[in-house]
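Place chains B, C and D on chain A using the hints.
Residue numbers (this note's numbering), protein chains in the order written: chain A, 1 to 293; chain B, 1 to 368; chain C, 1 to 533; chain D, 1 to 204.
Hints listed in this document are in silico derivations from the structure and should not be mistaken for laboratory results. Possibly wrong hints are sitting among the right ones.
Think about it this way: if two alpha-carbon atoms lie no more than 20 Å apart in a straight line, the pair counts; the simulated PhoX-like pairs of lysine-lysine are [to be verified]:
hint: 1; chain 1: B; residue 1: Lys48; chain 2: D; residue 2: Lys127
hint: 2; chain 1: B; residue 1: Lys329; chain 2: B; residue 2: Lys48
hint: 3; chain 1: B; residue 1: Lys196; chain 2: A; residue 2: Lys191
hint: 4; chain 1: B; residue 1: Lys48; chain 2: B; residue 2: Lys297
hint: 5; chain 1: D; residue 1: Lys88; chain 2: B; residue 2: Lys48
hint: 6; chain 1: D; residue 1: Lys127; chain 2: D; residue 2: Lys88
hint: 7; chain 1: D; residue 1: Lys88; chain 2: D; residue 2: Lys128
hint: 8; chain 1: C; residue 1: Lys269; chain 2: B; residue 2: Lys4
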Amino acid sequence: MLLLDLLLMLLIAYGFGFLYYGLYRNLSARVHGRFGPSLAQSFSDSIKLFVKEESTTFGWMFYLGPVIMASGAVLNVLFIPFLNQGESLQGLSSYGNLIVVLYLMVLGPLGNALGVGSSGNPFGVMGVTRGLTRLLALELPFYLAAIGVMIDAGSADFGIIMQAQSTQSNMFAHPLLFAAAFISFLGFMGKSPFDVVGAPQEVYSGPATEFSGKFLALLMSQSAMFSFAKLLLMVNLFWGGADHLGELVAKTFVLFVAATFIGSVYARFSTVQSVEFLIRIPTLLGIVGLALL
Amino acid sequence: MERKVITIYHGPQHPGITGNMSVELDLMGETITRARTHVGYLHRGFEKLIERRTIIQAFTIVCRICVPEPDPNEANFALAVERLAGIEVSERASYIRVMVLEMARLGAQLLWMAGQSGSVGLGTVGQWSIYDRDLILDLFEQLTGGRVYHMYIYPGGVRRELPDGFLERLSALLDYLQKRLDAYDRLFFDNASFQKRAIGVGVVRGEEVLRRGFSGQVLRGCGFARDLRRDNPYLLYDQLEFDIPTQSAGDVYARALVRRAEMRESIRILRQVIAQMPEEGAIMQKLPKHRKFTLPKEDTYVAVESARGEFGYYMAGDGSEMIRRMQVKGPSLIHAFSLLEPLLVGEELSNVALIMNSLGICPPEIER
Amino acid sequence: MFHFEATLLAHLFFGLSLLVILPLLRRRDLVLHLLLLLSLGILFYASSLATLFIGWEMMGWSSYFILASSARVATLQRYILFNLGGAFALLGAIALLYGFMGSLEYRDIDASLLPPWAMNAIALLLFVAVFVKSGIIGLHDWVVDSYSEATPLFSAILSAILSKAGIYLFIVMFMVLLKEGATEPLLFEIMAWLGVITSIVATFKAISQDEMRRLLAYSSIAQIGYIITILALMQGFALEAALYHTLIHTLIKLLLFMNIASIIAITQKERFSELGGMIYHAPVLFLLLVIGIIALAGMPLLGGFNSKFLIYTALLEEKRALLLGAVMFSSASAFLYCYKLVYGIYLGQRPQEASLHVSPKSYYLPQLLSAALLVLLALLPSLPVGYLSVIGVELGFAPLDDSNLFILQSAFGSFHGGALMGAFGVAFVALLGLLQLAHSKAKKVKDPLDISYCGEVPRSETNLHFGYGMGYELHRISFIAPLLRHHSRVLWDRLSLIASDFSALLSSLYSLSAQHVTLLALLLFTLLLLGGQ
Amino acid sequence: MDEGFIPYQQSLEDEEQSIKSTQSVIEQAIAWFRAHSMFVLAYGTGCGAIEMPPTFTSRYDIERLGVVGVATPRQADILIVSGYCSPKTLKRVIRSYEQMSEPKYIIGLGSCTINGGMYWDSYNTIKKLDDFLPVDMYVNGCMPRPEALIEGFVKLQEKIRANSSEAGYIQYRTRYAHYRANQERLFGTQVQPRYEENFAGMNL
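Here chain A stands alone, though its shape is the one from the complex (with noise of 0.2 Å):
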């Protein structure tokens, strides 16, 4: 039973994550002007990558970057509840807390980076010092909201932040750590002005760079899991979570939607102005959310 609820788990994040990433497509394409690709292009796209007749390797790390970067996608579904409530979709949630999944976060991306540094690319190991400079300030405000929603709750436990928040949700309690994780969650989707790991226009493909076919592939299918998966640690710590699918839809297709807005109208940050600004502003906003808390 376990098994089935997680491999619904699992499908939902992937369906959903690919539409997701159409829709990303096909908005910003609204804002440009133009119609934009169908919606299923992204998971067309990453179903070429995977029928690719030949992937470069540069050895067994490099081979194996991708699927650890997936396994912490993987993870991350996993053990963030879908639902405020009931027996299904909760996932491996009572297995972990809050604490594990923010670290889980972290865990794909740096055994990634693993194997970009082995295939020698200087582009893609610029491209992983800028992500990981980058996250020292970027983890910031998101800490200091969850730090917030968590002694809020009295627990790091997601089922039990979600039922402080019966009443009111976080976003509007604490509207200040909110909108310190927002700019944060800003990031973490890799929308702008926080965009610099891979921007095409500075370090080629920033990690990217030496990823072919199936791993590219791969990478694609991960990144549209984990984005559901942001999207979802945001509903749950802000918005109460949901009480069934539909509410789940429709809040994190509200969120995803005004991170692409506002991640369209903006021009990127360097590495070193992102840092300072998010330790600047969404950092403040966060230490007097906390004070206020």
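Here is chains B, C and D on its own, set in the frame of chain A:
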């Protein structure tokens, strides 16, 4: 062996490079310690090719010297040939030429805007501005038959009469663009995130900018109101009213602001052209037959202000129907070498594309 | 009254010492190493302050002599000066205590008798001793220099064990002996923030290092910083978290320093700018290092997460949100140096001219041992909790729940190590299988220079290894750049300059001629006479 | 086929039929995905690059066909050689092409790739791209309009779906000696390293 500084190439196969060229960068972390421009990827030997062609044959290829903005090449070529051969151009043809040049300038600025915004990851601006540029290209197509390469400004005048209702359509387009420019102000020029990226980056300063032969927005961005249209008027620019926008900061943002104002000035000029253009008049002088069209044994230098700076042709005839020698001097060569290389040292890697775009470097014109 | 004899706490620390020192015993310094072990035994199992001090001093001196075989004179001087300073502070605290208690036996000490000023003075002196030993920022110079100049093996001992002596001293003094003392709470507050500031600054310094062992030295300082912070809470679960982290950190540092010792033995190089691309020459070492850094970064799936989790929940339970935010910030920044370590040595491009030697087989054993323990602890995170709880109970705190070895319990939630491991393992194997079965064939690039390089072809002499540059950008970030400058070094250099000027003045007394000496003596005599009247 | 005029629609349908008859369902599916997701390498080799931005942006919006630009050759399926190639550029183009993973296709954009075009007598451009790299689809003109480029992509989609053994990358593999000889003749001693020999075809 100490390996502190890594060497990477920024281009030629790189999304952050303006066209087909490359910059070899030595990086300490992401800080550039040395930059070297590499060109030669696009060399076609124009100057040699032209020596083997008659004037009309040469006319067809000069526009290909600079792809984003071919018309200044045609104008230069026509002006040089006219000066050498002693041909007077009618007022109406001159007005049409000014119109074409200003439309091309507007188009080139919109294309620049796409590049500049793309270099900071603000893709939306590029999507919009390329669309708007396409509307200009549509008018070009009506006028000349070509979208990109027009082969329109021919020695002696222009090659075709204006189509019916062309000026009205142009006028309508200008109204549209005027409105769009406000949208670009909001999305791009006044966007805090772009300002944050662009202010204080790639600063060009001091008197030496004049001595080293920089031109265009680089000069106007650091406070020198230099513009060939005003300083060395050609065609009918001395009869038109326009301002030369300047900024004093000398950074990427200053150059962007100069371009923003120049777009409005171009629209202003075009409106005057539409209002003042004579209804009647020959658009083309009577020229000698193809094989009899010879240039005297003299030389001349003509220059026009392109969207990126001074674009000059040196042309020498030898009494035959061939051009003895033609030398092209574009703004990009100077900017890509003697300006870009020192400017990049000490900057971050993320600013390379930003600075290159703001200098308006165009590789095909560097290498001809 | 306390009856503190050879207890579980001492067992824990001494056990860790045995774990680290025994595998590293070398014939040349055998005696000194044994002496060090002996001194640690004396320190940990002391039952009076006098014995404790003797152990403390012996530890300092024996490690000084071991260090002397490889370090520069300046480093040795710095080492001995800082340690003497710490020892004097400790001695001062002991003397003060003796003044009030009249005895040095642990069982005779009753802190409730101490007046507040004396208690605060003792606390301050002890802080100095602890801070010097654990290299709180400002007092950290000797740590970094001696770690990087010791023999590779001794670096492991220094980092894994000797840095913990300060922790032990703190626990014994404040949580056992002076527990009832009326120490000003502000002092502990300052200590907590000092700890976390140390960990942040040291983390950034670690990122900007080019030398492997300096990086790890700063990393040790940062990790000890967490422990100091958490201990300053003076709570039971905090103590257990600190002890758990001590345990994990000992394992990690043993693993990492031994790994680096192997690399130094193989390549004879110490800098990231001279290394790179070792992965295919030493895949086992690479994997061991990866285990080490994942644990160091505090990722789930390896033991490092357990103690991080306890530390976080302990801080959460005390509602120390800002402190926790700072700790988590420092911990997130640590990812960068962890990656730099593994990239700089094992990944990237090989340097051109590089002859390789063979690493001694004996270096692998401690690494394998710690790696196995780290994996085991990830699977069974509650394994040491029972033991730590007993220590906690012994010191008068409530025990932690360890009913299920797979589950690490805390007041703020729990996690199941087995489930994490299992889920990751299943996902990993499934995805690997998927990738293997994919239609697309993997083609291996044989020439490492066949990389996407903007259409250009790198030459073999082109440097593509980013090891030095990684983290260089921190110098551009306005918040971080000031932290990376050598403030403390400048401060101590000034001090040493003043001291040497003063000693030069003194030494000039010895070089005076006889007349002058006589004159001075007369002058002094007159002054004394005048003073006497 | 009978001589004379064949309606265009008819010819397309015939092609569709022939594709279906020779391929298994899985092959058809694979070919469909390949045809409907084309990653183009961002490399503006010549003046043709000026018509790429309009093609890729809101006016012509080629992303509707599943065409997007990617930064590195490893991820790309399609290389657009946009116009004339000087030998210096050609080296980089070959390098990029060899780094792309199969199946990969080349679109020759503009007359210059076919016969030198405007630069038929230039000393520094190659006249026929197909001597050096296998071109799958030519789009002629100077400049080819965005519509022409889109048409080229649509035709290429058909070609991809046909999945024939005539595809350029297979040619390049099977007739490598020929291409290599031409490259060596052009580049002389400064020829590119033969990295492709490093591929051992090893499956990890």
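Comparing the hints with the structure gives:
1. B:Lys48 to D:Lys127: holds, 17 Å
2. B:Lys329 to B:Lys48: holds, 15 Å
3. B:Lys196 to A:Lys191: Roughly 17 Å separates the two Cα atoms, so the pair holds.
4. B:Lys48 to B:Lys297: holds, 18 Å
5. D:Lys88 to B:Lys48: Holds, because 19 Å separates the two Cα atoms, which is no more than 20 Å.
6. D:Lys127 to D:Lys88: Satisfied, since the Cα-Cα distance of roughly 14 Å is no more than 20 Å.
7. D:Lys88 to D:Lys128: holds, 15 Å
8. C:Lys269 to B:Lys4: Measuring from Cα to Cα gives roughly 15 Å; hence the hint holds.
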